[in-house]
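**Q** This is what each chain is made of:
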Amino acid sequence: MNTETKAFEPKIAAFLCNWCSYAGADLAGVGRFQYPATIRTIRVPCSGRINPLYLLKAMANGADGVLVSGCHPGDCHYMSGNYVARRKFALIDSLLKHVGLEEGRVSFSWVSAAEGVRFAEVVKGVTERVTALGPNKGVFKVEDGGGTNE
Amino acid sequence: MEQNPYIPITMKLVKNMCETEDKLINTFTLAFLNKEDEENFKYMPGQFAELSAYGQGEAPFGIATSPTEPGIIKFSVAKVGCVSNALHLMEEGTMVGVRGPMGNYYPMEEFKGKNIVIIGGGFAFTTLRSMAVYMLDEKHRADYGDITVIYGARNPGLLLYKEELAEWAENPNINLVTTIDKPCDGWCQRVGFIPTITEQVAPSSVNTYAVVCGPPAMIKYTLPVLEKLGFPPERIYTSLEMRMKCGLGICGRCNIGPKYVCKDGPVFSMAQLKELPNEY
Amino acid sequence: MNSIIEDIRATARQLLTDGKVDVVIGYEKGSLPLSATPCFVRSPQDTDKLIWDETCENNLAAFSTLTQGKKAIIAKGCDSRALVVLLQENQLVRDDLYIIGVSCQGVINKKKIEAETGEILEASINPGKITVKGMECDKEFTFAELKDASCQTCRYPNPVLEDIHIGGLIEVAQQAAVFADVTEMENKTDAERQAYFKEQMSKCIRCYACRNACPLCYCKECFVDCNSPKWLTGGVDSAENLFFQAGRVLHLAGRCVECGACSRACPQDVDIRALNRKMSKDVFNMYHHESGISVEGSGALNEYSADDPEAFLVKE
Amino acid sequence: MKISKEKFGQAFDALAADYQIIAPVSEAGGVNYLAVKSFSEVKQDYLNSKLPPKSFLFPQHEKLLTYKKEGKDVTVKTELQVEKSVLFGIRPCDAKAMLLLDKVFKNDEYRDPYYYERRDNSVVIGQACNKISPSCFCSSMGISPASSEGSDIFLIDLGDSYQVEVITEKGKALMAGLQELSELSADEQALVDTIKSAQTSSKVDVATITAKLDKMFDSPFWDSLHEKCLSCNACTFSCPTCHCFDISEEVHKNEGSRVRTWDGCMAPLFTLHGSGHNPRDKKKARWRQRMMHKFNYFVHNNGDIACVGCGRCIKSCPVNLDIRQVIDGVNNAELVVD
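Chains as they are written, first to last, in the working numbering: chain A, 1 to 150; chain B, 151 to 430; chain C, 431 to 746; chain D, 747 to 1084.
Be careful, since some hints might not be right.
Stated by the list, open to error - Under the rule of at most 20 angstroms between Cα atoms (straight-line distance), these lysine to any residue pairs were calculated in the SDA-like manner:
1) D:Lys823 to B:Asn184
2) C:Lys745 to A:Val30
3) C:Lys711 to C:Pro587
4) D:Lys796 to D:Val910
5) D:Lys877 to C:Ala545
6) D:Lys1028 to C:Pro587
Since the hints were made in silico from the structure, they are not lab data.
Using the sequences and the accompanying hints, generate a full structural model.
**A** Dropping the structure here:
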C-alpha cells in the first residue's frame, strides 16, 4: 500500500443479526475466507431490531457505507423478525434513494450462518461499490463535524 | 476578549469518593490549578457552579465546601443524567471545567448575632454543609448564636459526610440531630421524618433563622411546623433547584415569575417566595 | 354550505346539552382572512362559533390524544383516517370519541394565494370561486387552483369512520391511486433529487410544527428530544434536518394518512409532503395497503407476508 | 436630505469591500436577510422578512467553545471572529427588537461576549415601511412604521431616492462615504410626511396589561387559551425579541464543541429537571409564561414590553393563535377577587 496517495479506504458500518449473518461472518473468519477489513461490525439480536435511525446516524457520523444483513426469510430465530424487517428495509432503501443517496451506499442482504463464503463475497461487493462511490458526500453527513457519538 | 462567562476554568478532580451505600451519590473534590483561578473564584455558602464533564455537557451543582477550606471545592452529585453519570465514572486526576460561583448565597451578614437552625433532607445537604462549616470556623463562630442541625435521610447509608457528622456530634459548638425515616439496627439516634423530628426538637424561634433544603415534600411539611414554632416567613430561607443552562440570567429558562433562580436565587426567603407565582 | 354549518352547530348543541361529550373540537373563524382556527366548545351556547368551509385545514385528530374525557371531533375524510390509525394503535378509547363526519371538497392552501397576491387583506368565498384583495394585487381564483396538493390526490373525501354524518356524500371518481407527483420526482436523477431536498431542508428551522401538527406523531419522547443516545444535535444544518425529516417519515411509513397538515403547518414552506408521499406510494404498490381505512386493519409494517418484494437486496 | 439610489448603490458596493452587508433578499417562499455583495441583489419593496434579522446577532446555532481531550487533560479554546457588518433595510420593529435584546444579553453582572462582539461591530441602517400589513401592530407598541429608534442611519424609500437621516455616532461614521446629498422636493417632503404619520391599521391596548397581569397568574383565563396550541416553536423562532437558548455539546471522539442553539418556552422539555419534575409541563403553564414574560416579567426587569408588534408570530402560527386576541383577552378578563 503506497502511502503517498493513500487509496480511499471506505468505512462501512455493518449491522449483522446475531444468529445468522454474525455467525456467517464468524465462519468466514474461521474458514480464512479473505474479505476487506472495511466493515465495522455491530451485532444486533435480529434484523428486525434494526431501527432506521441507526443507518441515518451511521452516515451522519461519517460512515461511507452501511451493510445490513440478517437471516433468510423463513429461518429467523424469532420466526417473524426478518419478515417485519423486510418491509422496513424496502421502505428505507426506497426513501434513501428518493432523497438522492447514491445507489450502493446502503446495502441489505440475507446471509445464513452457513454461508461464510457468501458473506465474504457480499462484503467484497459492498466494499467495491462504496469505494467506487468515494467518500460519504454528505447527504446525511453533518458538515461541520457536529457528530454526537459519546 | 475580556471575561467570557461561558468559558469554564479547568480544575483537577483529586478525589472521587462514594458517599452513600446505594452508590448513587459521589463527592468530587476539585483542586484549583493556580492561585489566580482561586482568587477569581471567591464564593460564599449557598452558591453553586456549573460543572462541565467534557463530552457530555454541563450541569449546575451546589458547592459543598465552605470558603474557609482553601485550595479545593467539593460537589456531592447524585447519579441522574448524562453529566452526573460521566462525573461518577471519572478517574481521579481528570480535568473538569467549572463555571462560577453563581447565584446569591445565604445572608451570612443578616444571620450574624442570631441562632441558626439548619434543616436538611437527603442529598440536599451540600450548601447546608458549606454554611455549617463556614460558621464553625474559628474566625466566624463567635459571630453566630447556637447552631442546630437537623439532618435526615431514608436510612443511615444515605447520610452524606458521615465522618463530619460524627465530629459534629462531639463538637459543643453545634447541636446535631440526625434522623432516619424507619428504625434500623445499629442506629441509636432519632427515627422519624424531618417534620416530626423538628417538632420534637422544637428549636426556639426567638432571634433565630431557619434554613431548609430537601425534597419538595419535606419542605412542604416542614414549613407549617416552623410557622407553628413561631418562625416568620422572612426568617426561613431555602435553596431552590431549577433546570439551568447558562447560569447567568440570560437563557431564560429558570425563572419563577420575574426572578431567575440562577441569578436572583437559588437562595430565597419564604417571604420572597410567597410573592412569586407558585410555579417551581 | 351553511346548512352544513347549521347541522354541525345543532349536533354539537345536542351533544353538549345531553352531556354525551365534555367538549366538541371543531373550527371557528380565525383572526386572519381565509384561515379557520381550531376551537374547543364546552357549553351549548358557544356552539354558534363553529363554522365549516374550505379554510378548515388543521387535522383535529392531533388534539384527540391530548384532550381528556369524552370528546366530539369534527372529522374530514383524512381526519377520520387519522382517528382510525389512532384507534388501531390503541391511543384512543372508541367510546370516548364521537366523530362528527363531514365530507370535504378539499382545503385551500393559503401559500398559493400569497405567492401571487402578497399578504391577504380581504377575501370572500363563493361556490367554486375565491376573490382575494392582497397587498400586491387583487385576484380571483378558481377553487381548483387553490386546492391543497394533498386534497388534489385525495381518494377519501367521505369519512371512513363516523358516528353521525353531516351534509351529503361526495362522489369519488374511483380513479386508481395516482402518484403522479411522486413518479415525476422519481424520474429525476439522484443529483437533482439530492439538490432539491438539500435546498428544501436548508429552509427548515426545526420548530417541529410539522411533527406537532401531525396526529400520528404522539410519542412521549420523540427521537429528536432523546439525549441518550443523542441522535441529533441542536444544529439546523441541512443534512441534519434531512436526518430529522427522514427519521420522522420512516416512523410514519404505512401510517401516514396524507392529510397534508405537516406541509401546511410549516412556517418555512418546506416540502415535507414529498417524502411522505413517496412512502405512501411504496406502501400502496408493494403491499396494496392504505392506512386508516378500517379499525380492524393494522399498519402496513405491523403485518408481513411470505412473498413480500425484496428489490432492496444487494446485487451479488 | 436625500440621495439618489444609484449614488447610494455605488456607496453601498464600495462599503461591501470592508463590511459584510446583510440585506433583504427575495428567496424561495419569501424575503430573508442574507449577506449580499452588491446593491443590485437587495430586494426593494417588501413588507418584512419571514425570519427576523436577530439571527445575525444571535445565530440559531453557534459554537461557544471547542475542546480537545487527551487522556485526563483537556484544552479549551474559543475563537470568535466577527466581521464588521452592516445590517441594511432593517424595519423599525426589528431595530427596536435589537434594543430589547441588548437588555437581555447584558445584565448587572454578566455580558454575553458573543452577542456583543457582533452587536458592537455592526451598524443598523433602518428603513421605514411604505406599506403596512394588516397583521402588523407596531403603532400600539410604542414605535411606528417610520420610527428610527434602534437604527444608526434611517432611510425612507422615495422611489428613485432615499431620504437619509443620521441617528447615531456610528451612523455618522458610516455616512462619510455618502456625498451628493440634495434637498427634498416639495412632493417628496409630502411623501415623507405621510409615511411618517402612517399608523398600523391593527391596534392593541397594552397600556395597563402589565399591571393587569400582576394579578392574573391564577386567573381562569389561562384555562382555555392554550388548548389549540401545538407547543411547536414556530412563534418563538420567528419572533425578533425571543432570546431563549439551549447549551449542548457536539462530540466527535475526543474532540467537541459546546454549542448554543435557539430554544423556546413552548416546548415541554424547556424546564424539565434532572429529577423528572417539570414546573411547566402543561401547555397552560407554558402559554401563561409566554404572555407573562413578554408583557409582565420583562417589563419588571427591563422596563419595556418584549413585543414590537411585527406580526410574525401571527403569520407563522399553524393554528392561527393570534397574540392580539390574547392581549384583548387579558384586557377583558375579569379579575377573580379572592
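**Q** So, for every hint listed, does it hold in this structure?
**A** Hints, one by one, checked against the model:
| no. | hint | verdict |
| --- | --- | --- |
| 1 | D:Lys823 to B:Asn184 | holds, 18 angstroms |
| 2 | C:Lys745 to A:Val30 | violated, 25 angstroms |
| 3 | C:Lys711 to C:Pro587 | holds, 19 angstroms |
| 4 | D:Lys796 to D:Val910 | violated, 26 angstroms |
| 5 | D:Lys877 to C:Ala545 | holds, 17 angstroms |
| 6 | D:Lys1028 to C:Pro587 | violated, 34 angstroms |
Of the numbered hints stated above, those contradicted by the structure are hints 2, 4, 6, listed in ascending order.
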